[in-house]
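Got chain A; can you put chain B on it based on the hints?
Number of protein chains: 2
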Amino acid sequence: MTRIITIALDAMGGDIGPSVTVPAAVESVREHSDLSLVLVGDEQVIRAELSRLGASEGERLSVLHTTQTVGMDEPPAQALRGKKDSSMRVSINLVKQGNAQACVSGGNTGALMATAKYVLKTLPGIDRPAICTTIPAIKGHTYVLDLGANVDCSAEQLYQFAVMGSVLVSAVDNQASPRVGLLNIGQEDIKGNDQVRGAAQLLENSDLNYIGFVEGNDIFLGEVDVVVCDGFAGNVALKTMEGTSKTIAHFLREEFSRSWMTRLAALCAAPVLGALKRRIDPRKYNGASFLGLGGIVVKSHGSSDSVALRTAIEVARLEVEKAVPARIDSQLEALLARRASA
Amino acid sequence: MTRIITIALDAMGGDIGPSVTVPAAVESVREHSDLSLVLVGDEQVIRAELSRLGASEGERLSVLHTTQTVGMDEPPAQALRGKKDSSMRVSINLVKQGNAQACVSGGNTGALMATAKYVLKTLPGIDRPAICTTIPAIKGHTYVLDLGANVDCSAEQLYQFAVMGSVLVSAVDNQASPRVGLLNIGQEDIKGNDQVRGAAQLLENSDLNYIGFVEGNDIFLGEVDVVVCDGFAGNVALKTMEGTSKTIAHFLREEFSRSWMTRLAALCAAPVLGALKRRIDPRKYNGASFLGLGGIVVKSHGSSDSVALRTAIEVARLEVEKAVPARIDSQLEALLARRASA
Numbered sequence: 001m002t003r004i005i006t007i008a009l010d011a012m013g014g015d016i017g018p019s020v021t022v023p024a025a026v027e028s029v030r031e032h033s034d035l036s037l038v039l040v041g042d043e044q045v046i047r048a049e050l051s052r053l054g055a056s057e058g059e060r061l062s063v064l065h066t067t068q069t070v071g072m073d074e075p076p077a078q079a080l081r082g083k084k085d086s087s088m089r090v091s092i093n094l095v096k097q098g099n100a101q102a103c104v105s106g107g108n109t110g111a112l113m114a115t116a117k118y119v120l121k122t123l124p125g126i127d128r129p130a131i132c133t134t135i136p137a138i139k140g141h142t143y144v145l146d147l148g149a150n151v152d153c154s155a156e157q158l159y160q161f162a163v164m165g166s167v168l169v170s171a172v173d174n175q176a177s178p179r180v181g182l183l184n185i186g187q188e189d190i191k192g193n194d195q196v197r198g199a200a201q202l203l204e205n206s207d208l209n210y211i212g213f214v215e216g217n218d219i220f221l222g223e224v225d226v227v228v229c230d231g232f233a234g235n236v237a238l239k240t241m242e243g244t245s246k247t248i249a250h251f252l253r254e255e256f257s258r259s260w261m262t263r264l265a266a267l268c269a270a271p272v273l274g275a276l277k278r279r280i281d282p283r284k285y286n287g288a289s290f291l292g293l294g295g296i297v298v299k300s301h302g303s304s305d306s307v308a309l310r311t312a313i314e315v316a317r318l319e320v321e322k323a324v325p326a327r328i329d330s331q332l333e334a335l336l337a338r339r340a341s342a
Numbered sequence: 001m002t003r004i005i006t007i008a009l010d011a012m013g014g015d016i017g018p019s020v021t022v023p024a025a026v027e028s029v030r031e032h033s034d035l036s037l038v039l040v041g042d043e044q045v046i047r048a049e050l051s052r053l054g055a056s057e058g059e060r061l062s063v064l065h066t067t068q069t070v071g072m073d074e075p076p077a078q079a080l081r082g083k084k085d086s087s088m089r090v091s092i093n094l095v096k097q098g099n100a101q102a103c104v105s106g107g108n109t110g111a112l113m114a115t116a117k118y119v120l121k122t123l124p125g126i127d128r129p130a131i132c133t134t135i136p137a138i139k140g141h142t143y144v145l146d147l148g149a150n151v152d153c154s155a156e157q158l159y160q161f162a163v164m165g166s167v168l169v170s171a172v173d174n175q176a177s178p179r180v181g182l183l184n185i186g187q188e189d190i191k192g193n194d195q196v197r198g199a200a201q202l203l204e205n206s207d208l209n210y211i212g213f214v215e216g217n218d219i220f221l222g223e224v225d226v227v228v229c230d231g232f233a234g235n236v237a238l239k240t241m242e243g244t245s246k247t248i249a250h251f252l253r254e255e256f257s258r259s260w261m262t263r264l265a266a267l268c269a270a271p272v273l274g275a276l277k278r279r280i281d282p283r284k285y286n287g288a289s290f291l292g293l294g295g296i297v298v299k300s301h302g303s304s305d306s307v308a309l310r311t312a313i314e315v316a317r318l319e320v321e322k323a324v325p326a327r328i329d330s331q332l333e334a335l336l337a338r339r340a341s342a
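Going down the list, the protein sequences come from chains A and B.
Residues in the first sequence are numbered from 1 upward in steps of one, following my numbering.
Residues in the second sequence are numbered from 1 upward in steps of one, following my numbering.
Source of the hints: derived by calculation from the structure; they are not laboratory data.
A portion of the hints provided could be inaccurate.
Chain B stretches covered by chain A per the calculated footprint, using a threshold of three residues with CB under 8 angstroms from any CB of chain A [as the list claims (entries may be wrong)]: (1) 148-154; (2) 204-217; (3) 228-236.
No residue lacks a Cβ here, since even glycine has one placed at the ideal position from N, Cα and C.
In isolation and in its complexed conformation, chain A is listed as follows (with noise of 0.2 angstroms):
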């Protein structure tokens, strides 16, 4: 008999709402018969958007009715404290519950984090969870953490990302030994702020596969499977990667409009366009996961549709069925009684 996996699904998180998470959930339990999800939200709207579908609800496909949204813009401490009953908080109460093994949100992501962790608290030996996302290689892909939780990191909080980043891509991505690499702006000891180098030096004594530094192009050069980096860099880099992929995209459509010549080029192109728009996709690396946390919570982009809200969704599927925050707990119990004993 399989195992049913339950994700608790903030139905009324991000830019849209159920209009995009209810169809997201409704393809995501046709998928994989071993899914069951929890639509958390306006039980009214959930229910409209389920029969416009044409989807009833059952086993695998359940609603939780709560009162109250968190707003994108709400500061993560009132969401927290005046919010009790939003689909983001009874979502991840859901989890804390052992009703569901993970929750999925696309709301606002300060407020997801300050829920998360005031919940289901940080791991023993964790200072601050991370949010950790995967980025297109040339060759496969990279994850990178961490994206913004934490804008100051000591050299003992980027180690702990190693352990947690390693973890996540050996269980996801069955590697035996995932290669950790720390950003910095040169690959030489010298350089880099203090943070940098101290947790240089920690990670060149760990039992971690830590290849050194890497700069912002080595994320994409596929010889790298974990780069560590304080929120800040991260989510600087994540940004401007967004931001160069757009502006290529701008200027080739620009270059392909230009005349009647250009736009018959682009038709004979078009297929190869596409191909090229499907690899870079951003929907097939959304979800990010925040990691260091007593139970799982993925991160959805915002602005995502159901197309993408269901490679979240697929994110979360998979670290439950990989045991990731159990697997992370081993791993740093075990570094704790290392430090223990030495």
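Chain B only, in chain A's frame:
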């Protein structure tokens, strides 16, 4: 009578050296009748290159012999102490002595910055010089600083970068009031680290046209002229941009070479792809300005070809023409006077 602008060119600098620097120099003086270049380096190699090109020394193209070369990976302190007759050091000396108005080098960035600071000193009111370059945007281009000279920056230093960047853009691009943004990981006031929030306060109370926080993707939108950040974040952004562009180019090549059909499409699209390539050609954006020094120093990318190096020479020429250091200096003087009277 046109005033002649004299630029010292580190002829041994860069990964390739004279076979790139000498052709670039020859072309540059041909292009600009007001330009004079001093080729600094091994005279034998330089003269061999000149004769290979059928070019001759003259008033606007002279050779200054030096006996040493700074290695691309040489520690800056070692270059500073041990290489007093290097092509790099002598090029900077020429600026100090007033025999050149600017220096261009494709050599080791750290050594170039350390030597430039030592020889030319920083301007009064500047704690540390910054590295600034332009990045292509959907509309026009954006200046970003610092790109790696300073990994940790105080609020005051970020503010100084904003002043220098703003002066550079108003001088070189003839913009009366350049829009200045602070790189952050969210646009809300509560986001970011202490330094960034502190710099925001200084900028809000300044005469600069400060538009607020910007994120990595905003660099490319053309809605900000100067993006200010510490050298760690700036370097990560720059390298991530390079990596993303190369990855997309790689994917594009792969998709266009999958089959005879796609190769036919490539033929058809070749003029358009060529136009795109020219548009985002990094050689058009070569030449990073070291700002805050008592003289003009422009860093060319180490792997530059002669086309790219000519762009860097042009950056230096423009900065001389527009008297950038004097403008920064007077802006700082006014600022220091205001602070003293406050």
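Outcome of the hint check:
A stretch counts as covered by a chain when three or more of its residues have a beta carbon under 8 angstroms from one of that chain; for the segment 148-154 of chain B and chain A the count is 3, and the coverage holds. Coverage of the segment 204-217 of chain B by chain A holds [criterion: at least 3 residues with CB-CB distance below 8 angstroms; count 3]. Counting residues of the segment 228-236 of chain B whose beta-carbon sits less than 8 angstroms from any beta-carbon of chain A gives 6, enough to reach three: the coverage restraint holds.
The structure fails none of the hints (numbered hints given earlier).
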